[in-house]
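Based on these hints, arrange chain B on the given structure of chain A.
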Amino acid sequence: MAEEVILLDFWPSPFGMRAKIALREKGVDFDLREEDLSNKSPLLLQTNPVHKKIPVLIHNGKPVCESLVIVQYIDETWGPESPLLPSDPHERARARFWADFMDKKISLGRVVRAPTEEAREAAKEENIQCLKMLEGELGDKAYFGGERFGYVDVSLIPIHSRFYALETLANFNIWEECPKLAAWAKRCMQRESVAKSLPDPHKVYDYMLARTKKLQVQ
Amino acid sequence: MAEEVMLLDFWPSPFGMRVRIALREKGVDFDLREEDLSNKSPLLLEMNPVHKQIPVLVHSGKPVSESLVMVQYIDETWGGRSPLLPSDPYERARARFWADYVDKKVRLGRMVWLSTGEAQEAAKEEYIECLKVLEGELGDKAYFGGERFGYVDVSLIPFYSWFYSLEESANFSIAEECPKLVAWAERCMQRESVAKSLPDQYKVHNFLLELKKKLQAQ
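First to last, the protein sequences are chains A and B. Under the working numbering, the first residue of the first sequence is numbered 948, with each subsequent residue one higher. Under the working numbering, the first residue of the second sequence is numbered 219, with each subsequent residue one higher.
Treat the hints with caution; some may be incorrect.
So the derived label-pair ranges between C-beta atoms look like this [what the hints assert, rightly or not]: (1) A:Ala1069 <-> B:Glu222: 35 to 43 Å; (2) B:Glu386 <-> A:Met1136: 52 to 60 Å; (3) B:Glu222 <-> A:Glu1068: 42 to 50 Å; (4) A:Tyr1154 <-> B:Asp247: 52 to 60 Å; (5) B:Glu404 <-> A:Met1136: 24 to 32 Å; (6) A:His1149 <-> B:Glu344: 36 to 44 Å; (7) A:Leu984 <-> B:Glu404: 40 to 48 Å; (8) B:Asp358 <-> A:Ser1034: 31 to 39 Å; (9) B:Gly279 <-> A:Lys1143: 36 to 44 Å; (10) A:Glu1072 <-> B:Ala435: 26 to 34 Å; (11) B:Asp358 <-> A:Glu981: 32 to 40 Å.
Mimicking PhoX-like on lysine-lysine, the simulated pairs with C-alpha atoms at most 25 Å apart in a straight line are [to be verified]: (12) A:Lys999 <-> B:Lys322; (13) B:Lys258 <-> A:Lys1051; (14) B:Lys414 <-> B:Lys244.
If you're looking for bench data, these hints aren't it; they were derived computationally from the structure. Where a beta carbon is used, it is the ideal one built from N, C-alpha and C, also for glycine.
Chain B with its partners taken away, still in its complex shape:
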């Protein structure tokens, strides 16, 4: 039976991007289905009844949800080719810790583009702090795990597609604040899996501007 791999997705979602990258790293053919989040498909509601959110991976009819759970699933299922998690348990724990750190801090980025004035300044400071912590963990390595592109890189790189919008919104330069991190991001962007999976930053910016208008109108 041919393997059926479907990804329910929404193009600006960094969480969706993680899964797209992982599938492409493994060379898995998949059917990418774009969701309209204001009108969620019956398939999405059936496959992720708990959170009703994208991304959702549907593999031979069985759903997997939550982006980091999905990336680990992809790594374990299509194991042979380019492992994303290291083999050593301690290094694996370290990778999981840092991906979890990224998830804990995601809302800070959101606050940067959504807020204004003093609140935005404060959010920006916190956000830069987090990027600096990540930059510290990266150090002088090519990727977070060392020489090879892996789990933490997959978890973080999608947010690079949002950098331009955040910079425009809060008037700062991430490259100035975290040059090593931006160099790492550009290195990742040279990988086909990443370049194909991240949307154009200007497209993201326009999307976020529209979303902001909508949210402020409410």
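So here's chain A without its partners, still in its complex pose:
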């Protein structure tokens, strides 16, 4: 039976990008379906009734939700010869810890949505502190796991899609204080899986600008 892999997605979502990168790293053919989040499809509501959010991976009819759960599922299902998670339990725990860290602590949206200049500066500072911690973890390695592109890289690189938008809209250069992360981001962007999965930065800018205007109008 031919394998059916569908990804319910929304192109600006960094969470969706994680799933796309992982699928492409593994060379999996998938049917990419764009959702209109203001008018969610019956399929989305049926496959993610709990959160009603993208991304959702549907593999032979069975749904997997939550981006990091999806990435681990992809890693465990396809391409054992190119694993995203390391094999050593302590290194795996470390990778999971840092992916969890970025989800808990990084919120670039708060910079854009900040209602006052003061709140914006505070949000920027908090994000910078967290990015510095990530940079400390990267150190002088090519990727977070060492020589090979892996789980933490997949989890973090999607924020690079917002680089241009943040710099232009909020005067926030996310990599300015983190030169090693800037170099790492460039390195990741050279991978086909990443270049294909991250949208055009100008498109992201247009999207974020429209959303900011929408917020201001309310």
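Positioned in the frame of chain A, the structure of chain B alone reads:
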């Protein structure tokens, strides 16, 4: 070299309880070290510099932080005996999804005991909703994964030790609202690993009353 396993912990923490249960399920001997969170030990600050929080597992000198990362680490390191995660990738993804759901909703419980009046009523309604969603996922199974005690059970059961306090605080009965869930909890409590790892509910209640006074005084 004898394996050194240390757990930096704080007795009322449901996150600490998860790790205690997992270690005990695996029959791992460990040195349980109670932290005073108002005066964190140098060891804690050294082993978890990022979050400075318990629980932290220190295995042969190497730290692992974040309770669900720790439970997976324990499952992978002391693999043979009573696996907590299923072997099938789809079932694993499902288990991870539901443990993540528990983590996303934890703050609701906190709001129930911390707030008053209308805010508390609203928090209570939301909290009951979440418990009902979990109860729906459990269905008529003995445990979340089926016949065997596993990852989702470990993730959720610690919060049972807080039920009494929440009920007293917001004047409701969780057993009335979610009888299957409470039956599941009592089933889990019959396991030695769980009974040993959860503190007495009245002790928890007194602790939360004291904490509430402290927080309100601030």
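Do the hints match the structure? See the list:
no.	hint	result
1	A:Ala1069 <-> B:Glu222: 35 to 43 Å	holds, 42 Å
2	B:Glu386 <-> A:Met1136: 52 to 60 Å	holds, 55 Å
3	B:Glu222 <-> A:Glu1068: 42 to 50 Å	holds, 45 Å
4	A:Tyr1154 <-> B:Asp247: 52 to 60 Å	holds, 54 Å
5	B:Glu404 <-> A:Met1136: 24 to 32 Å	violated, 53 Å
6	A:His1149 <-> B:Glu344: 36 to 44 Å	holds, 40 Å
7	A:Leu984 <-> B:Glu404: 40 to 48 Å	holds, 41 Å
8	B:Asp358 <-> A:Ser1034: 31 to 39 Å	holds, 38 Å
9	B:Gly279 <-> A:Lys1143: 36 to 44 Å	holds, 42 Å
10	A:Glu1072 <-> B:Ala435: 26 to 34 Å	holds, 30 Å
11	B:Asp358 <-> A:Glu981: 32 to 40 Å	holds, 38 Å
12	A:Lys999 <-> B:Lys322	holds, 15 Å
13	B:Lys258 <-> A:Lys1051	holds, 22 Å
14	B:Lys414 <-> B:Lys244	holds, 14 Å
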